[in-house]
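Using the sequences and the accompanying hints, generate a full structural model.
Chains as they are written, first to last, in my numbering: chain A, 1 to 256; chain B, 1 to 256; chain C, 1 to 288; chain D, 1 to 288; chain E, 1 to 311.
If you are wondering where the hints come from, they were derived from the structure by calculation, not from laboratory data. Heads up, none of these hints are tricks.
Keeping only pairs whose Cα atoms sit at most 25 Å apart, straight-line, the calculated DMTMM-like set for lysine to aspartate or glutamate is:
no.: 1; chain 1: C; residue 1: Lys118; chain 2: A; residue 2: Asp149
no.: 2; chain 1: E; residue 1: Lys35; chain 2: E; residue 2: Glu229
no.: 3; chain 1: C; residue 1: Lys111; chain 2: B; residue 2: Glu143
no.: 4; chain 1: D; residue 1: Lys111; chain 2: A; residue 2: Asp151
no.: 5; chain 1: C; residue 1: Lys118; chain 2: B; residue 2: Asp151
no.: 6; chain 1: D; residue 1: Lys48; chain 2: C; residue 2: Glu155
no.: 7; chain 1: E; residue 1: Lys276; chain 2: E; residue 2: Glu263
no.: 8; chain 1: D; residue 1: Lys118; chain 2: B; residue 2: Asp149
no.: 9; chain 1: D; residue 1: Lys48; chain 2: A; residue 2: Asp151
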Amino acid sequence: MIVGLQRTSRALFTALVLGALFGLWELLVQSGVIPAFILPAPSGVLLTAVNSFSRIAPHMLITLAAVGYGIASAFAAALVTALLMHRFRSVRIVLYPLLVISQTVPLIVLAPLFILWFGFGILPKVLVVILVCFFPIAVNTLEGLDSTDRDITDLFASMGAGGLRILFSAKLPAALPHLFSGLKIAATYSMIGAVIGEWLGGTKGLGVYMVRAQKAFAIDQVFAAILYISAISISLLLLVLFLQRLIMPWHKEARL
Amino acid sequence: MIVGLQRTSRALFTALVLGALFGLWELLVQSGVIPAFILPAPSGVLLTAVNSFSRIAPHMLITLAAVGYGIASAFAAALVTALLMHRFRSVRIVLYPLLVISQTVPLIVLAPLFILWFGFGILPKVLVVILVCFFPIAVNTLEGLDSTDRDITDLFASMGAGGLRILFSAKLPAALPHLFSGLKIAATYSMIGAVIGEWLGGTKGLGVYMVRAQKAFAIDQVFAAILYISAISISLLLLVLFLQRLIMPWHKEARL
Amino acid sequence: MNFFLNNNAAVMEKTEGGGSDGFQDRQTSALAPSLRVEGIKKSYGNLKVLEDVSLELNPKEFVSVLGPSGCGKSTLFHIIAGLDLPDAGHIFVEEDEVTGRTGRVSYHQQKDLLLPWKRTIDNAALPLRISGVSRRRARERARELFPVFGLEGFEQSYPSELSGGMRQRAALLRTYLFSRRIVLLDEPFGALDAITRGQMHEWLCSVLRDLEPAALLVTHDIDEAILLSDRIYILSPRPASVMGDVDLPGRRGIHRREALESGELRGIKDRITRLLSQGDNDGKNSAL
Amino acid sequence: MNFFLNNNAAVMEKTEGGGSDGFQDRQTSALAPSLRVEGIKKSYGNLKVLEDVSLELNPKEFVSVLGPSGCGKSTLFHIIAGLDLPDAGHIFVEEDEVTGRTGRVSYHQQKDLLLPWKRTIDNAALPLRISGVSRRRARERARELFPVFGLEGFEQSYPSELSGGMRQRAALLRTYLFSRRIVLLDEPFGALDAITRGQMHEWLCSVLRDLEPAALLVTHDIDEAILLSDRIYILSPRPASVMGDVDLPGRRGIHRREALESGELRGIKDRITRLLSQGDNDGKNSAL
Amino acid sequence: GRSEKEATGSLEPFTVVLDWVPNTNHTGVYTAIEKGYYREAGLEVDVVQPSESGTEMLIASGNGDVGFSHQEYVTYARTAKEPLPIKAVAAIIQHNTSGFATLPDRNIDSPKDFEGKTYGGWGTELEDAFIKAVMDKVGGDFSKVEIVNVGTTDFFGSFRQGIDFRWIFYGWDGIRAEVKDRELEYFPLIEVDPRLDYYTPVLIASESTLENRPGRLRRFLEATSRGYEFAVDNPRQAAGHLLAHADQIDPEHARASQEYLAEQYIADAPRWGVMKEEVWETFGGFMYEYGLLASRLDAQEAFTNEFLPEQ
Ligand SMILES: Nc1ncnc2c1ncn2[C@@H]1O[C@H](COP(=O)(O)OP(=O)(O)OP(=O)(O)O)[C@@H](O)[C@H]1O
Ligand SMILES: Nc1ncnc2c1ncn2[C@@H]1O[C@H](COP(=O)(O)OP(=O)(O)OP(=O)(O)O)[C@@H](O)[C@H]1O
Ligand SMILES: [Mg+2]
Ligand SMILES: [Mg+2]
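This is the structure we're talking about:
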């Protein structure tokens with residue numbers, strides 16, 4: 001009961017402060033201190049978002065498909081890679097530097113190359129999403145596997161468990177919190193990845209929609225698209241959090 | 001001695017496999033399977049990188065300045081923010097959602113807006129770097145502060161330590177590994193942030209250089225720039241690692 | 001152990017606070033109690049841990065608390081130290097209500113809680129640093145005590161490089177440097193071997209003789225309780241309440257070991273054992 | 001404790017492996033030893049931990065290892081269990097060399113090592129799962145033993161919800177379900193209160209009588225060692241070597257408690273204490 | 001209206017890659033789609049938009065059949081260290097309708113006044129050369145111009161951030177200013193230096209398309225030229241076709257731009273799309289002279305009129 005109340009009042013407080021911030025922004029634009037073509041008023045953005053939903057929706061579905069395939073493949077690939085890197089020193093030695101290097105190549109340069117190599121279909125977008133999501137999941141999971149308490153693996157070994165059993169029954173569960181940290185990062189950035197992929201070339205999707213809106217000086221529509229992108233990213237994040245609570249009930253600290 | 005040998009042979013192995021990979025790439029391009037205008041041969045890229053160093057260097061310095069200011073300000077701001085969010089529930093409630101939302105807005109959309117608002121100087125670039133680096137440092141540090149062993153803070157409290165003392169003597173050191181995780185992410189991505197900022201607007205810098213090269217179809221120069229960007233990013237990462245070893249000698253696991 | 005006796009002078013010199021105005025007998029218990037615990041109740045969610053615990057600790061008195069594992073002894077100490085709030089009840093230190101207030105008692109926790117990022121010497125010196133002593137001075141004070149605690153040569157080691165017993169001794173050294181007039185000790189000798197434990201007992205007795213704090217000790221070793229205490233409280237299984245207390249005759253300490261070993265105190269030991277088992281037979285809980 | 005006796009039948013029924021062909025006396029020690037530890041040396045970096053440790057464990061024999069805290073007892077057990085390689089020396093189980101090989105002995109570690117992500121019942125059932133028993137069957141087997149270990153009602157709790165003593169009992173239950181003909185016990189009763197400890201002692205004796213494994217126990221409680229053992233090895237302070245061993249007369253177990261309490265075994269206890277202190281007086285180490 | 005799609009099965013897919021977001025330069029293609037000219041030619045046309053102009057690379061690597069490009073990029077591409085196998089196959093507009101634009105308050109009366117001012121562009125060396133060329137003509141000092149890459153920042157937005165002049169397509173940004181009633185100073189490139197009257201934009205195709213699928217390309221260009229011819233005659237309707245595919249464009253802006261371009265698509269040429277070798281030679285020479293090219297351009301390699309409809 002008290003917890004419930006606290007929660008409500010906390011949400012209320014957040015809403016109030018955020019409301020005040022947005023109110024100030026609205027005021028600044030309405031009063032002309034900030035010209036609307038530089039920063040549209042939040043009310044305008046909201047209105048545009050609602051009004052153009054039916055126009056944005058088909059683009060959104062295209063982007064979501066890329067995100068869905070991307071996260072799923074990144075997750076599977078990252079898990080396998082982390083397990084292999086953990087188990088085989090040689091795989092780790094070769095792959096780890098490559099992975100880190102891959103993160104230092106600007107997406108904005110890579111995405112056009114992907115399109116060059118793989119055409120205008122969904123594939124290059126999915127690849128960008130994978131590129132964004134793979135690294136945090138793989139590296140976090142690997143860190144989790146590496147940092148499993150030596151005593152716990154010893155316990156399994158002393159009971160005659162083999163290497164694979166230790167990997168899957170001891171190390172993988174111990175690595176779950178890390179894995180979920182990686183997934184949370186992946187969820188946060190996956191939409192951005194897909195949008196950048198589209199931004200740099202494509203026929204449909206939120207990215208394409210935004211470029212067009214921007215070049216047509218429809219800044220309210222750019223912001224409306226941002227609104228949808230943020231909303232989807234946050235929903236994905238909450239989904240991961242929900243999954244974590246579901247899968248790791250013993251872990252009391254599952255938070256954002 | 002044995003450790004030293006192992007290290008050497010490990011490095012040798014990595015070098016060998018990476019060498020083989022690059023050799024394959026070279027072969028594919030040289031033999032014409034991949035046209036050189038799509039993907040230049042590594043030998044060509046290396047040659048270009050060496051030859052055009054004197055032309056790239058001034059751009060590099062500009063980009064490095066933005067990265068330096070960006071990381072430094074992001075670090076300071078993130079540390080303060082994390083401490084405030086940890087200590088004041090109200091700050092956390094308001095800021096945390098805003099921070100997460102800020103991460104879901106595509107940089108590629110924000111950077112042009114920054115330019116619109118702050119001009120073509122170094123400021124918008126520094127802001128992009130801050131935007132990229134602030135979040136991982138702040139969130140990781142906050143997580144570290146939050147997850148400090150309750151027993152340890154109790155220990156301090158039972159010895160009569162005040163809230164601030166507990167914050168700085170117990171929680172901050174306990175949060176250091178997390179803080180460094182955040183810094184490692186920040187170091188990896190800071191260069192990308194600066195380059196994107198320049199790509200989307202600026203007078204000088206690696207991003208500007210790359211746009212020019214790309215528009216003139218000098219793809220070998222684009223790749224040479226990528227090479228420098230990766231090298232700098234990795235040097236930054238190693239620097240953070242070195243600092244971690246220096247500052248946290250008790251932490252045996254300081255790794256990439 | 002001769003080691004200890006030789007070093008007593010040094011130990012005495014270094015102790016702070018606590019009027020060491022010579023040895024006094026237990027008659028002081030007639031004064032107002034140092035610590036009064038009144039009707040403490042505590043639950044975690046649906047789990048009732050402390051039912052209704054009341055106890056008193058007189059100045060200079062050494063009192064042990066015995067109770068089955070999991071009955072709530074550590075929880076009780078946490079509340080006394082002000083680190084947790086009770087659901088009901090009050091804590092008084094020297095007649096001041098201190099419920100939920102920290103810093104009035106010295107609390108040695110069950111876990112060693114050494115800070116992994118500090119070298120052993122800085123871990124030990126922590127309480128001095130918190131009370132404002134300069135780093136140099138604090139280290140000096142701590143260093144002098146390292147031989148006494150069998151930690152010589154490990155001043156610069158990080159806690160991860162110490163064995164379980166060594167960690168516990170380092171934690172004891174830290175508690176020693178945070179002496180207050182009331183000391184709570186939660187199984188301080190849990191991880192020590194018999195010999196070291198015996199030596200620590202003797203050392204504790206000599207420290208107590210010098211500092212004369214009032215001390216409350218949690219232990220699961222009946223012999224240890226008998227050896228060190230003026231009085232023993234017996235707690236029931238969870239939810240804990242005080243099942244009774246046993247007064248011990250004569251002066252505590254080294255003298256009592258002989259009485260214990262010769263079987264002289266057999267009657268008292270039996271009474272304690274009976275009280276402890278009684279909680280079980282009440283069927284209050286299914287623990288062994 | 002009556003509880004235990006009542007439940008013996010159940011316990012017996014459930015135990016696996018280990019020929020329980022009735023009770024035999026200690027004459028069996030004339031056979032080839034179950035476990036032979038030969039000249040084990042081990043250093044961590046510059047820290048010499050084990051100097052030269054050799055010992056033997058005969059079939060069905062119960063042997064304790066006493067030694068000061070930090071001398072290397074846990075390290076020795078790790079090596080025997082095959083989890084660590086010695087710098088020199090060999091381990092033989094039933095005449096097979098098993099140095100560095102795991103799975104041949106049942107090893108109860110000093111820490112409880114419960115998996116935080118498994119409920120208590122699945123933690124207990126872990127060894128059965130590893131040896132290929134189905135989840136349902138494994139849980140059934142484990143559940144039956146929960147009352148015996150005083151954990152009834154906590155089957156579905158996560159380890160973080162148990163007290164220190166309860167965790168240790170859960171770990172013991174797990175070890176019980178991984179019975180091998182050789183059992184290593186590293187301070188299994190460290191966190192238990194006196195009463196529970198006494199009950200665990202009796203229960204251990206009855207289990208040993210049924211399973212007849214050869215057991216090696218690390219403890220820092222001399223009384224415990226005397227109560228349970230056929231023989232006791234005394235280790236020197238670090239770097240550890242065997243300082244001597246003490247044979248105990250008559251049958252171990254419950255009968256011996258009376259002998260102990262009546263002072264009958266005083267001579268032996270004194271001898272052990274002398275041996276243990278001797279290591280100290282040698283000045284090998286600066287510990288108390 | 002949009003024609004039905006039931007015949008898709010028999011149509012050949014054909015991909016057109018734009019050079020920018022949809023605008024009035026592309027209208028002919030949209031008109032051809034809307035009027036069903038491509039269907040009549042047996043083509044199912046798909047329009048793709050890249051924002052970073054990588055169109056030349058995409059076409060060279062076989063991603064897309066025809067792309068929108070510009071003569072300067074084709075020239076670059078043909079003379080690059082690793083030349084791109086592409087050719088211009090049609091000119092969209094016959095004369096260069098681009099130039100430098102500034103706001104009246106910047107007090108720029110002639111290119112000489114660029115001295116000490118800030119130029120905002122896309123960061124290419126070509127732009128530097130143009131500015132230098134026009135300033136050389138009137139005796140200005142190019143080294144006193146500050147060059148800024150404004151990336152995707154919009155026209156008026158950049159002027160608020162200290163930019164003094166930019167390079168624009170009059171048919172798009174110039175018309176927009178007119179529609180919005182904003183005053184603009186405009187210096188057309190062709191008035192400064194006739195060598196700068198080159199084809200921008202052009203349609204390009206890869207050499208392999210020219211060799212292996214000439215028929216398809218011919219049919220495409222035939223339908224496309226019908227589209228542009230229609231736009232020349234019916235600018236208002238053509239604007240509607242564009243708007244049907246790019247709903248974010250301000251309709252008024254689209255219509256005004258369309259009316260301006262109706263005069264420009266064919267202009268003085270015999271028919272839509274044809275290019276003169278002389279123009280390629282001259283502009284190639286200009287780029288070489290200003291050090292933008294490593295080697296001289298062979299105009300024959302860069303363009304062809306061969307696939308344009310006869311008559
Ligand atoms: N933070 C907590 N949340 C929920 N339950 C708790 C918490 N702390 C302790 N408990 C529960 O309270 C009971 C008492 O725990 P406590 O640690 O006080 O026991 P104890 O008497 O010190 O046991 P031991 O002798 O084993 O140390 C246990 O059942 C434990 O599971
Ligand atoms: N992994 C390790 N690295 C370095 N030193 C270690 C390691 N493990 C143990 N040691 C050291 O080896 C010595 C013996 O440790 P061990 O845990 O075997 O002692 P122990 O006899 O079991 O002590 P206790 O009775 O306190 O449990 C200690 O000094 C410890 O610091
Ligand atoms: Mg406790
Ligand atoms: Mg040990």
